[in-house]
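Undergrad: Sequences and hints are given; from them, build the entire structure.
These are the residues of each chain, in order.
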Amino acid sequence: MSALASAPSSSLTYAPVLDKRFGPKARIEARPAKDIATITLTDRSAYIEVARFLRDDPACAFDLLLDLVSIDLLNAPAPLRPRDGSRFQLHVILYSTRRNDHLRLIVNLPEQNPRVPTLVNLWPAVNWFEREAWDLMGIEFEGHPNLKRLLTHNGFVGHALRKDYAAGQRWLCTEEDLLQTDLAAQTETPEDIFETMTVNLGPSHPATHGTLRIVLRLDGETIVAAEGECGYLHRCFEKMSESHTYSQVIPYTDRLNYCSPMINGFGYARAVEDMLGVEIPPRAKAIRVILSEFNRIMDHMVCIGTNLVDLGALTNFWYAYQAREAIYGLLEACCGARLTSSYARVGGLSADVPPNFDEWSRSLFPIIKTQLDDIDGLVSKNRIAHKRMRGTGIVSRENAIAWGFTGPCGRASGLAYDVRKDKPYEGYDELDFDVPVMTDGDNFARYYVRMEEMRQSLRIIDQQLRKLPKGPVTTDDYRVILPPKEMVYNEMEGLIYHFKVVFEGTKVAPGYFYSSVEGGNGELGYTIVADGSGNPYRLKVRPPCFPLFAAYEKIIKGGMVSDAVATLGMLNIIAGELDR
Amino acid sequence: MPAKVVKLEAPADNFAFRVYLVEVVKGMVRTLGHLLRNVVPIFVAEGKKLAGNGDGSVKGMPIVSFPEARRDYSERFRGRHILKTRDDGSLKCVACYMCQTACPADCIRIEAGEHPVLAYEKYPTVFEIDMLRCVMCGYCVDACPKDAIWMTKDYELAFFDRKSAIYGIPMLTEKPSDTAADGPGYGYRPYYGESPARKAGEFEPSGLPLLPVLEARGAAINRMPPPPPPKPA
Ligand code: SF4
Ligand code: SF4
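These protein sequences, in sequence, are chains A and B. The opening residue of the first sequence carries number 1 in the working numbering; numbering runs sequentially from there. The opening residue of the second sequence carries number 581 in the working numbering; numbering runs sequentially from there.
Honestly, the hints are just simulated from the structure, not real lab data. Cβ coordinates follow ideal geometry from the N, Cα and C atoms, glycine included. Incorrect hints may have been included.
Stated by the list, open to error - Here are the simulated BS3-like cross-link-like pairs (lysine-lysine), alpha carbons at most 25 Å apart as the crow flies:
#1 Lys606/B / Lys369/A
#2 Lys606/B / Lys485/A
#3 Lys702/B / Lys485/A
#4 Lys369/A / Lys584/B
#5 Lys664/B / Lys606/B
#6 Lys743/B / Lys755/B
#7 Lys743/B / Lys726/B
#8 Lys584/B / Lys467/A
#9 Lys239/A / Lys148/A
#10 Lys500/A / Lys672/B
#11 Lys34/A / Lys387/A
#12 Lys606/B / Lys387/A
#13 Lys726/B / Lys500/A
Unchecked claim - Now the stretches of chain A that chain B is said to cover, found in silico as 3 or more residues with beta-carbon under 8 Å:
#14 65-78
#15 497-509
Said to hold, decoys possible - Facing chain B, according to a computed beta carbon distance under 8 Å, are these residues of chain A, among others:
#16 Phe53
#17 Gln248
#18 Pro251
#19 Thr315
#20 Arg383
#21 Asp434
#22 Tyr489
TA: Put into C-alpha cells, the structure is as follows:
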C-alpha cells in the first residue's frame with residue numbers, strides 16, 4: 001500500500017485540488033467529517049464536471065461508486081438543511097481502489113423539479129441506484145437510459161421515502177406487466193420476433209433462491225437480451241426505520257442478508273456507535289469479530305451449497321448445510337434465535353456469550369474443516385464443475401470496478417478490496433489473515449475465493465478466541481444502552497436511565513454518517529442521517545448484492561441459460577438485502 | 581499484522597484431472613465415507629435409544645427426527661412469552677407500557693387498571709401480544725423493569741385464524757406446564773441463574789454522571805417516584 005492509502009481520510013485533502021481546478025466556477029465546501037471525506041457542491045451545474053474530475057484526476061481517482069443516497073430534508077432541523085433551503089440531497093459515496101479512500105459528494109436539489117444529470121456514463125454501477133432514487137424519492141436523472149420504478153410496482157403512486165408520504169398507504173398492483181412487453185419490443189426486425197422467445201426466470205424459480213425475476217430473450221439457448229427485476233421482497237426497511245428508535249432497527253437488520261444475519265446487525269450497531277462516539281469494550285469487539293466470521297462461513301456455505309445444487313451436485317449441499325447447522329447451534333446459544341438473531345445492541349451485545357463459548361466454537365472447527373475439505377475434494381478438481389464454472393459469467397477487473405462489485409465477487413475478478421483489510425474495524429487490523437484474490441473473474445473464481453475465505457475465517461476465529469478478552473460486553477454509558485437489570489431493579493438512577501433509553505431512545509446529534517463492514521457479499525454500508533431525535537431521520541443501506549444483480553443482465557448476455565443459472569448462484573443474490 | 585492479499589490459481593489442468601476416472605474414485609471414497617459414518621452409528625445404536633448427541637440426533641447423523649426427537653435449545657431461546665406472577669399469583673406486571681414502547685413490531689397492547697392491593701398500585705386489565713406480528717426479538721423482556729415478562733422455548737405457534745393469534749392474559753400467564761419436565765422451559769429472560777450481584781445492597785452503583793436534566797434535582801432524585809407512563813397512543 002502506498003503512503004497515501006494509509007493517510008487518514010479528510011475532506012481537506014481534496015479541497016485544494018478541487019479549488020485549483022474549479023475555482024469560483026463551482027464553490028465546493030469541504031468540511032472535515034468524522035467518517036469519510038465530504039465535498040458539498042454549492043453549484044449544481046458543476047455536478048457532472050466535478051464527478052468526472054473526481055473519477056479521472058489521479059489525485060482523486062474515485063473509480064468505484066459504492067452508493068447513492070437520496071435524502072428528503074423536508075422539515076429537517078437547521079444543521080441538516082442546506083443553506084439555500086433545498087429540499088432534496090443526494091450523497092454519492094465513492095471509493096478509490098487505487099488510493100483506498102472513501103469520499104462523499106453531496107449535491108442539493110430544489111423542491112420543485114428535483115433533477116440532475118445521470119452519472120451512468122461515468123460509473124455504470126449507478127444505474128440501479130438512480131432508479132431506486134427515482135422510485136423512492138422522485139429525483140429525476142436526466143439522460144438515464146431506463147428510468148423506471150425498481151423496488152415498487154408499476155401501480156404505485158408517489159415516492160415512498162419522501163417525508164410527506166404516509167407510511168401506511170397501500171397501492172394495489174393492477175397494471176399489466178410491462179417488463180415482458182418491454183423486452184419483446186426491443187427487437188429490430190420482424191424476423192427477430194419470430195426467432196427469439198421471451199422467457200421468465202422467476203420470481204419463484206428454484207434457481208433464484210429467493211424472489212427475483214429475470215426476463216430473458218432467447219435465441220435457442222442463447223440469451224440475446226435480459227432484464228432483471230427486483231422488489232418482490234421489498235419490506236420498506238428504510239421507511240420503517242424512520243419511525244423506530246435506533247435500537248429498534250436492529251431486528252430489521254437481521255432480515256437483510258438472512259444468510260449472515262449477525263453481520264448486518266453488527267455493522268448497523270457500529271455505524272450508530274461511531275456516530276455517537278461510543279467505544280464498545282474489547283470483549284464485545286472480539287465476539288463481534290468471531291461471530292461475524294462464523295456468519296461469513298455460513299453465508300459462503302449457503303452460496304456454494306445451493307449453487308452446486310443448481311449445477312447438479314446435490315451432495316455438496318448436504319455437506320455445506322451440515323456445517324451451517326452446526327454454526328446455527330452456537331449462534332442460538334449466544335443470542336436465542338438461529339436466524340433472527342438481534343444480537344447486536346447499540347453499545348455492545350444483548351448478552352455475553354455462553355460460558356462454554358470457547359470450547360463450543362473450537363468444536364465447530366473440525367466439522368467445518370471436514371465439510372470444506374469434502375466440498376473441495378468433490379468439486380475443485382471435478383471436470384464437470386470446471387466445465388460448468390470456468391469461463392462462464394466472466395467479469396473483468398475493469399468491469400467489476402465499473403459495476404460496483406465488492407466482496408468475494410470483486411476479489412474473484414482481481415479487485416483486492418476487503419473492508420476488513422483496507423478499512424479495518426473492530427480490531428481486524430490486529431489479526432493475521434489472507435485476502436484471497438483471483439484474476440479469472442469467472443464463476444469458478446468466485447467459488448474458489450469463497451472456499452479460501454472460509455479457511456481464512458477459521459484462522460481469524462482461532463486467533464480471536466485465543467485472545468478473547470474478559471470483561472463486560474456493553475458500554476457503561478447508560479444513555480445508549482439499557483443498564484444492567486441489577487441497577488434497574490434496585491436503584492432509582494438505573495430505573496431512570498432505563499426509562500429514558502426505552503421511551504426516548506438514544507439521541508444522536510444531527511449529521512450524517514457512512515460506515516461499512518465487510519458483509520458476506522461485499523461492502524455493506526450504512527448511511528445514517530440523524531436529526532437529533534431518537535429515530536434515524538434517514539437510513540440507507542448499501543446492500544452488497546444490489547450492484548451485483550444490476551450487472552447480472554450484462555454478464556449473462558450472449559451466454560447460455562444454464563450458465564446464467566450458475567452465474568446467478570455464484571453472485572449470491574440475497575433478495576432480503578437486495579430489496580430491503 | 582495487517583492482512584495480506586494472496587493470489588489464488590485455479591487447480592491445474594493436469595493429466596489426472598483429464599483422465600477424470602481418478603477424481604471419480606476419489607469422490608466416491610469421500611461420499612462413501614460419509615455414508616458409512618452416518619449409517620454405522622445407527623446399527624450400533626440399534627436397540628438402544630436413538631439419542632446419540634443429546635440433541636435428538638444420532639451420532640454422525642446431522643438429521644433430527646422431528647417430532648419424535650427434538651433439538652435442545654439454549655436457555656436464551658426466544659419463544660412464546662409468559663407473564664411472571666408474584667407468590668400470591670397476581671401478575672408482576674405493573675402496566676408501565678415499557679414493553680409496548682420497546683416493541684419494534686408494535687404488537688403489544690396494554691390497558692392499565694388500579695390494583696385493589698395498594699402496594700401493587702397498577703396492573704394490566706388487558707395485556708395482549710399479537711403472535712402473528714411478534715418478531716420474537718426479546719426487546720419486551722429487556723425493557724421490563726419489573727422482571728414481569730419472560731420468554732419460553734416454545735416455538736410451535738400455529739393458529740387457525742388471526743384472532744386466536746392474539747394472546748391475552750389467560751394465555752400469557754405462566755403455567756406449571758411451562759416448566760414441567762416435558763414443557764418448553766424458560767427461554768430468554770433478563771438474567772440466567774442467580775447472579776451474586778443481584779442481591780440488593782451488593783450492587784455497586786456506576787460512577788457515571790447523572791443525566792443533565794436530572795442533575796438539577798440533586799439529592800431529591802433518589803426519592804423521586806417512578807416516571808409516569810405516557811399516554812397510550
Ligand atoms: S418479542 Fe419483540 S416483537 Fe415480540 S412482543 Fe416482544 S418486543 Fe414485541
Ligand atoms: S414492561 Fe413489564 S411491567 Fe411494564 S407493562 Fe411490560 S410487562 Fe408490564
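Undergrad: None of the hints should be skipped; say for each whether it holds.
TA: Right, here's what the structure says about each hint:
| no. | hint | in the structure |
| --- | --- | --- |
| 1 | Lys606/B / Lys369/A | 18 Å, holds |
| 2 | Lys606/B / Lys485/A | 57 Å, violated |
| 3 | Lys702/B / Lys485/A | 21 Å, holds |
| 4 | Lys369/A / Lys584/B | 22 Å, holds |
| 5 | Lys664/B / Lys606/B | 58 Å, violated |
| 6 | Lys743/B / Lys755/B | 22 Å, holds |
| 7 | Lys743/B / Lys726/B | 28 Å, violated |
| 8 | Lys584/B / Lys467/A | 21 Å, holds |
| 9 | Lys239/A / Lys148/A | 20 Å, holds |
| 10 | Lys500/A / Lys672/B | 22 Å, holds |
| 11 | Lys34/A / Lys387/A | 49 Å, violated |
| 12 | Lys606/B / Lys387/A | 19 Å, holds |
| 13 | Lys726/B / Lys500/A | 16 Å, holds |
| 14 | 65-78 | violated (count 0) |
| 15 | 497-509 | holds (count 6) |
| 16 | Phe53 | 29 Å, violated |
| 17 | Gln248 | 4 Å, holds |
| 18 | Pro251 | 4 Å, holds |
| 19 | Thr315 | 6 Å, holds |
| 20 | Arg383 | 5 Å, holds |
| 21 | Asp434 | 4 Å, holds |
| 22 | Tyr489 | 7 Å, holds |
Consistency with the previously given hints fails for numbers 2, 5, 7, 11, 14 and 16, ordered from lowest to highest.
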